[in-house]
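Enquirer: Chains as they are written, first to last, in the numbering used here: chain A, 11 to 325; chain B, 11 to 325.
Source of the hints: derived by calculation from the structure; they are not laboratory data. Take the hints with a grain of salt, since some may be wrong.
PhoX-like cross-link-like pairs, simulated, lysine-lysine; straight-line CA separation at most 25 Å [claimed, not checked]:
1. 43/A with 324/A
2. 43/A with 253/A
3. 237/B with 131/A
4. 28/B with 237/A
5. 128/B with 131/A
6. 237/B with 28/A
7. 237/B with 25/A
Per the computed footprint, the stretches of chain A lying under chain B, defined by three or more beta-carbons under 8 Å from a beta-carbon of chain B, are [said to hold, decoys possible]:
8. 22-36
9. 77-89
10. 95-102
11. 117-123
12. 149-157
13. 186-195
Note that CB positions come from ideal geometry on N, CA and C, so glycine has one too.
Number of protein chains: 2
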Amino acid sequence: MTDINKAIENLDWSKEPKGLYEPIAYTLASGGKRLRPTLAMTAAEIFGGKEEDVLPAALALEVFHNFTLLHDDVMDRALVRRGRETVHVKWNDNTAILSGDQMLIEAYKLLEGVPADKLGKVLCWFNEMATGICEGQQYDVDFEHASQVSLGDYLMMIEKKTAVLLANALRTGGYIAGADEAEQEALYEYGRHIGLAFQIQDDLLDVYGDPKTFGKAIGGDICCNKKTYLLLTALETAPAEDKAELLEWLLVSDRDQEKIAAVTALYTRLGVREACEVEMEQHTAEALLQLDSLPQNKATDALRVLAEKLVTRKS
Amino acid sequence: MTDINKAIENLDWSKEPKGLYEPIAYTLASGGKRLRPTLAMTAAEIFGGKEEDVLPAALALEVFHNFTLLHDDVMDRALVRRGRETVHVKWNDNTAILSGDQMLIEAYKLLEGVPADKLGKVLCWFNEMATGICEGQQYDVDFEHASQVSLGDYLMMIEKKTAVLLANALRTGGYIAGADEAEQEALYEYGRHIGLAFQIQDDLLDVYGDPKTFGKAIGGDICCNKKTYLLLTALETAPAEDKAELLEWLLVSDRDQEKIAAVTALYTRLGVREACEVEMEQHTAEALLQLDSLPQNKATDALRVLAEKLVTRKS
Chain A
11 MTDINKAIEN LDWSKEPKGL YEPIAYTLAS GGKRLRPTLA MTAAEIFGGK EEDVLPAALA
71 LEVFHNFTLL HDDVMDRALV RRGRETVHVK WNDNTAILSG DQMLIEAYKL LEGVPADKLG
131 KVLCWFNEMA TGICEGQQYD VDFEHASQVS LGDYLMMIEK KTAVLLANAL RTGGYIAGAD
191 EAEQEALYEY GRHIGLAFQI QDDLLDVYGD PKTFGKAIGG DICCNKKTYL LLTALETAPA
251 EDKAELLEWL LVSDRDQEKI AAVTALYTRL GVREACEVEM EQHTAEALLQ LDSLPQNKAT
311 DALRVLAEKL VTRKS
Chain B
11 MTDINKAIEN LDWSKEPKGL YEPIAYTLAS GGKRLRPTLA MTAAEIFGGK EEDVLPAALA
71 LEVFHNFTLL HDDVMDRALV RRGRETVHVK WNDNTAILSG DQMLIEAYKL LEGVPADKLG
131 KVLCWFNEMA TGICEGQQYD VDFEHASQVS LGDYLMMIEK KTAVLLANAL RTGGYIAGAD
191 EAEQEALYEY GRHIGLAFQI QDDLLDVYGD PKTFGKAIGG DICCNKKTYL LLTALETAPA
251 EDKAELLEWL LVSDRDQEKI AAVTALYTRL GVREACEVEM EQHTAEALLQ LDSLPQNKAT
311 DALRVLAEKL VTRKS
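One chain only, chain A, in its complex shape:
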């Protein structure tokens, strides 16, 4: 299979003005899982698609994903991403805004390489996906300040913010390689479900992850009262007394370690961890089911392994 990292390295950012392109090169060189292009390429492989036909869209998805991280980091005032200073710290806010804008344009430029007869649909899906992600980001911000957020709201938000990008990567890769409509739909649903499982696993790792492998401090979400799948599940299912205790801890902002320990203990007692795991397993099972309707080969198997791996990952 195509070496995605190699293909990303081969993108040329040695252009002028340097102030615009160097932050893009920096962002794309910082690694990451390259999950989205890998999904697109694997989906295409199922249908024996030509790599050169799918690669432009796969790269567009990765560049787009990194654009969202760049702008999110400005909005969240994040200092570190993948172990390195974020762009707005290393340069400044304006650079992060403008180079981010250019990165979004670069994603659309890469779409020019999509076979002409497929471009219309791929562009339309790409726009729909990009819109979903901006909407998801806005809901995420809105939920921070909302007094009432339901588990259903939360799932809608993470579907837009995370799942549609994975889903669209798969559908796009399959479509370019010749998947029919039912197969495109199956790929999309597979991606949507692993995306949801992926995000819930993220929430879970923040509380129950191993500090040695997780890569960031455990309990960050608890400290800042982030409305995660865990917190919302606890608030929706806890008996009155436990709920009162939880709500009290949400008011505490000066005793981080104590708060993390207490809220984690509450989650454990309430079976929140198991509730997460059940939800994740359901999504993984749904995802795997979708694969049964596709041609069976090495690439389909790779998606099976990936679905399992995403929910057992440690970081």
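Following the hints, put chain B in place on chain A, whose structure we already have.
Expert: Showing chain B alone in chain A's frame:
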């Protein structure tokens, strides 16, 4: 001809989440000249193109232009745009960033309406134009801090930042309506030249405009030492003594009215105003020349009138 304002009003922004879409509606409702879509529609009219074929691209160009203003206002910390609070003031920086991103995506969404057989080229040109504008913006920032900027550098910058959008609007409109390659090129060159004249006129109005009709304070560029066509011409052409006086005024930052009066007097004495007018007239003449190679009708005449009007405008 299509009522561009009506078509823009008809775009539906009453979507959820409101925090994402309301700033877009606000930005697009603030008026402006609607110059870019008008140019696209007029170019199409020359070739008898169907309005419904050209309108999506015309609207995409206007939405894109307004996206650049939205993000530029964040970067420039501008408080007012077209007589109203800018988005980052009325809402906040994060809203301006995210709604701006969505606006850029909305521009690409509008391109979905381009006839399928024309989409590839229109998308490719749109990307090239968008890239030029981001590069131009970066050069503009770079030039602010650069000790040496030549008139040539400046013309390159305004070509990217202003002229390519007008040029591409015309070329795109003509192409969709059936212009051949030579005609596309003539439209592009017409647009590029009026764009350059337009920007130089902007610089000129900032110094010599009538405060009653200009809409903002006269001399703003002089106060902040903005490297305009006027300042760069003065620096390149002034005799040693005048140049020394000008450089001294550039160091003054506490006597705005005195500085404006003195620098304006210097410009006038050095014939900078006339130099601008000559440059503008040359670009206008070049632009008009391009029109001679196109089919001659009411729409071509409208472009002639527009070219003259742009360089005699008062605001």
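Enquirer: If a hint holds in the structure, say so; if it doesn't, say that too.
Expert: Checked hints:
About 13 Å separates the Cα atoms of residue 43/A and residue 324/A, which keeps this hinted pair within 25 Å; it holds. About 37 Å separates the Cα atoms of residue 43/A and residue 253/A, which puts this hinted pair outside 25 Å; it is violated. Between residue 237/B and residue 131/A, the direct Cα distance comes to roughly 45 Å. Violation of the 25 Å bound is thereby established for this hinted pair. Between residue 28/B and residue 237/A, the direct Cα distance comes to roughly 20 Å. Compliance with the 25 Å bound is thereby established for this hinted pair.
Restraint check: the Cα-Cα separation between residue 128/B and residue 131/A comes to about 14 Å, which is no more than 25 Å; the hinted pair holds. A distance of roughly 20 Å separates the Cα atoms of residue 237/B and residue 28/A; the hinted pair therefore holds under the 25 Å criterion. Restraint check: the Cα-Cα separation between residue 237/B and residue 25/A comes to about 24 Å, which is no more than 25 Å; the hinted pair holds. Counting residues of the region 22-36 of chain A whose CB lies closer than 8 Å to any CB of chain B gives 4, which reaches the minimum of 3, so the coverage claim holds.
Using a Cβ-Cβ cut-off of 8 Å, 3 residues of the region 77-89 of chain A lie near chain B, which meets the minimum of three, so the contact claim holds. Only residues whose beta carbon comes within less than 8 Å of a beta carbon in chain B count, and the region 95-102 of chain A has 0; fewer than three means the coverage is violated. For the region 117-123 of chain A, the assignment as covered by chain B holds, since 4 residues bring a beta-carbon within under 8 Å of that chain's beta-carbons and 3 suffice. Only residues whose beta carbon comes within less than 8 Å of a beta carbon in chain B count, and the region 149-157 of chain A has 3; three or more means the coverage holds.
Check on the region 186-195 of chain A: 0 of its residues sit with their Cβ under 8 Å from a Cβ of chain B, so the three-residue criterion for coverage is violated.
Hint compliance for this structure: hints 2, 3, 10 and 13 are not met, and every other hint is.
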